[in-house]
Amino acid sequence: MTKLLEAIAQAISEPQRENTTDRLLVDLFRRHLSENGPYGTYCRNLGATAETVTSWRQIPAVPAAAFRRFDLTCVATDRCASVFYSSGTTSTQSSKHWMDADALRLYELSLKCGFARAIGPLMSIVALMPDTLEAPHSSLSHMAGTLGVAQWGWGDSICSALESAQAGNCPVIIFGTAFAFAMAFQTTSSHWILPRGSKIIETGGFKGRVAEIPKPELYALFRERFGVDDKDCYSEYGMCELSSQFYSNGAEGQLVGPPWLRHAIIDPRTGEDVSAGEPGLIRLYDLANWNSVVAVQTQDIAVDAGGGFKIIGRSPAADVRGCSLTAEEIWSHRNAR
Amino acid sequence: MQGSVSQTVAELRVAAKELRSRRSALITDLGPAALQSRVIRALASAASSMPAAVPPNTRFRARDVSGSLHALSRSLNQAALERLLDKEGVRGRVGAPLIGHVIASTTPLLAWFSAIRALLTCSASLVKLPSDSDCSRWAFSFRDLLANVDPGLASLIAFASWQGGDPELDAAFVEHADLLLVYGADTTVDSYRIRAAGKTRVIGYGHRVSCSVVECDLADRMSRFAWAIARDITAYDQLGCLSPQCVFVLGDDNCRRSFVSALGAALDRQTQNRRVTTDIAAQIGETRSMMLFEPGVRVTGPTDMRWTVVEHDRCLLHLSQGLVVVNVCSGERGDVLAAIRQNAGLIQGVSIASRLLTSHAFFRGKLSIMGISRVCAAGGIQNPGISWPENGIPVLSCLL
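Residue numbers (the numbering used here), protein chains in the order written: chain Z, 9 to 345; chain V, 579 to 978.
These aren't lab readings, by the way, just hints derived from the structure by calculation.
By construction, the Cβ of each residue, glycine as well, lies at the ideal position given by its N, Cα and C atoms.
Don't take every hint at face value.
To be verified - Cβ-to-Cβ under 10 Å is the rule here; a few derived chain Z residues that face chain V:
hint: 1; residue: Cys51
hint: 2; residue: Val61
hint: 3; residue: Pro68
hint: 4; residue: Arg77
hint: 5; residue: Asp275
hint: 6; residue: Arg277
hint: 7; residue: Thr278
hint: 8; residue: Gly279
hint: 9; residue: Val311
What the hints assert, rightly or not - Partial list, computed: chain V residues near chain Z (C-beta under 10 Å):
hint: 10; residue: Ala593
hint: 11; residue: Thr855
hint: 12; residue: Ile858
hint: 13; residue: Gln861
hint: 14; residue: Thr865
hint: 15; residue: Met868
hint: 16; residue: Leu870
hint: 17; residue: Val973
hint: 18; residue: Cys976
With the rest of the complex left out, here is chain Z (with noise of 0.2 Å):
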């Protein structure tokens, strides 16, 4: 393992004893310069140097779509132990996230440590999404596969590990996406009372694609369906192209990420930071990023709300994407068959 690999995964895992994110993000980005052949190019186009770059928010960010028309990776991709995928619509080539061996290690260590932040201990977790055999290549069942899944499923497939959690009185943690949560109320009529300290993790949002439930409703219809108050409801905001993950609690709280990862909302006229409150392009900086770009400039757009951020939207001109598409395609898929 090299020193900074190392002192990175250090900062991960006791953010608390040192701040180092600043300094490391910077000799992270020197990596992927010296290491990363087209992030390189793209810096050398830019200006961008070792020299030139001396703190985190100067580092040059790549628009997501890169990462669906280059390979970002400082090794060969016939060296890497992982890629994980975008969904994406099937006329829309996805994003690939290309990881080594070391860049898997830190991004299963990154999402543990930011899970336990945001959500608090493991425990039994119900994932609404395919199982990491059937999609080895979503970042998402990856995530949830770390995590440590008791049951995987698609609609009433769920009811017999919920129903074993409610005569157990074993909390549960449903985890899925808002696309397989809506498809789950609709394949099921039933209703549960899960046992006190069970939460929902959604994420994926719908992306456009199904009739969209707004987050409020969905929130009431946890509490109704799962018996889980609002306050025990959380959404989730990653992205293929990341390692780390943001999350927000309550219908109406905001994103907030764990130390090593920083956000910027940017005025796409400007380039700069929007003025408070006004809404912008979110730009991500991800310490955990160990192979690929510390960088991701994608095309959400988003409101600051004082120390995290809300999602707003997202540019019409980026293509629908996201993970509840793999949800839904492979649900349209099982339903064509």
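Go by the hints and put chain V onto chain Z.
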């Protein structure tokens, strides 16, 4: 006075029936030659009253629209029409009774051009408007202008509108038309071909791009060339098939650099009033970034994204997605022709900036052989005349 717009299957049926009946009556009364003469007179009159018909809050510059419309009007006189009729062998013949037009939202005059061609073959037109309301307003303004000068001709044009992908309405539209002219993305054209297979003939005007060639010259002439090419680029937000997306500079790297500097200055002046929305800025920002992954690329342009010039080392046909993002590369004549030849099937037009008439003639000859339908002097690429065979398709004979 915008008239009605068919939005249901029943309304489409009624509109189609009425159009057929009006067309029969007009042909019986006049005959093709007299009807064509009326089209010429009406267009000239409509073009001269165009300023009064500019829709409110349009994003298109009146100057661009006016230039295109006057060029069309100037090109359509009795003598020119006679030449076109003879060239295409359609004298005295009439076209499909009812033509369905599927209009793209990239330029404001598409509905005008398409419907005028139909009128010249004595065909009625049922025009499916784009979802973009700005383009629809321009289509309405055309019919209103025409109705003011020749209500009979205007009565041969009707509009239809619905959000794409309504199977019932799409099927009814295909069924009622004798011929479909489909403008837009290749996927749109393909979808109509599939829908109309075995029922209605489809002529597709799919995706095409354009480019410019500029000959290296003295600094003051380079500025004039840059100004003319900037006119070609900025018209219609560079979204039309005749909008140059790549400029080839004949000469070395120094020539390219001096042209890039002149082009930047011209674009800056010509886009002073262009206001880029946040969404479009996000799209352009992404385009700029994606370009920077290619080795040896330099991107220049203001942070407000009004214009972008992307300078490349390699002499290739580099494409953008419009929105006043233009690529510039340089090479010798052979390199430039090779780059164009490699993509000739995709290229709609080439505008040329050179002080030498021999250079114009040279490129006109070479590019015509490649099948490129529009080769013209820089500054006028967006103003084709009536005889321009868009996408290499004959103007009138294809409507028979």
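Interface hint outcome for valine 311 of chain Z [beta carbon to chain V under 10 Å] = Cβ of valine 311 of chain Z sits 13 Å from chain V, so the hint is violated.
query = How about cysteine 51 of chain Z: closest beta carbon in chain V under 10 Å, or not?
reply = Holds: closest Cβ of chain V sits about 9 Å from cysteine 51 of chain Z, inside 10 Å.
message = Tell me if the interface restraint on proline 68 of chain Z is satisfied: Cβ within less than 10 Å of some Cβ in chain V.
response = Holds, about 9 Å.
ask   = Can the hint on threonine 865 of chain V be confirmed by a CB-to-CB distance to chain Z that is less than 10 Å?
value = holds (9 Å)
task = Would you settle whether the hint for threonine 855 of chain V is holds or violated, based on the nearest Cβ-Cβ distance to chain Z being less than 10 Å?
result = Constraint on threonine 855 of chain V satisfied, holds at 9 Å.
key: Per-residue hint verdict: methionine 868 of chain V, partner chain Z, C-beta under 10 Å   = Status holds, d = 6 Å.
query = Is the hint on valine 61 of chain Z kept, meaning its closest Cβ partner in chain V is under 10 Å away?
reply = violated (15 Å)
task = Under 10 Å, Cβ to Cβ, is where glycine 279 of chain Z needs to be relative to chain V, so tell me if that hint holds or is violated.
result = holds (5 Å)
query = With 10 Å as the cut and Cβ atoms as the points, is aspartate 275 of chain Z at the interface with chain V?
reply = Interface hint status for aspartate 275 of chain Z: holds (8 Å vs cutoff 10 Å).
query = For the hint on isoleucine 858 of chain V, does the least C-beta distance to chain Z fall short of 10 Å?
reply = At about 7 Å, which falls below the 10 Å cut-off, the nearest Cβ of chain Z leaves the hint on isoleucine 858 of chain V intact, so it holds.
query = Taking the least C-beta to C-beta distance, is threonine 278 of chain Z closer than 10 Å to chain V?
reply = Status holds, d = 5 Å.
query = Quick one, is the alanine 593 of chain V hint okay against chain Z at 10 Å, beta carbons?
reply = violated (32 Å)
Violation of the numbered hints given earlier is confined to hints 2, 9, 10, 17, 18; the remaining hints are satisfied by the structure.
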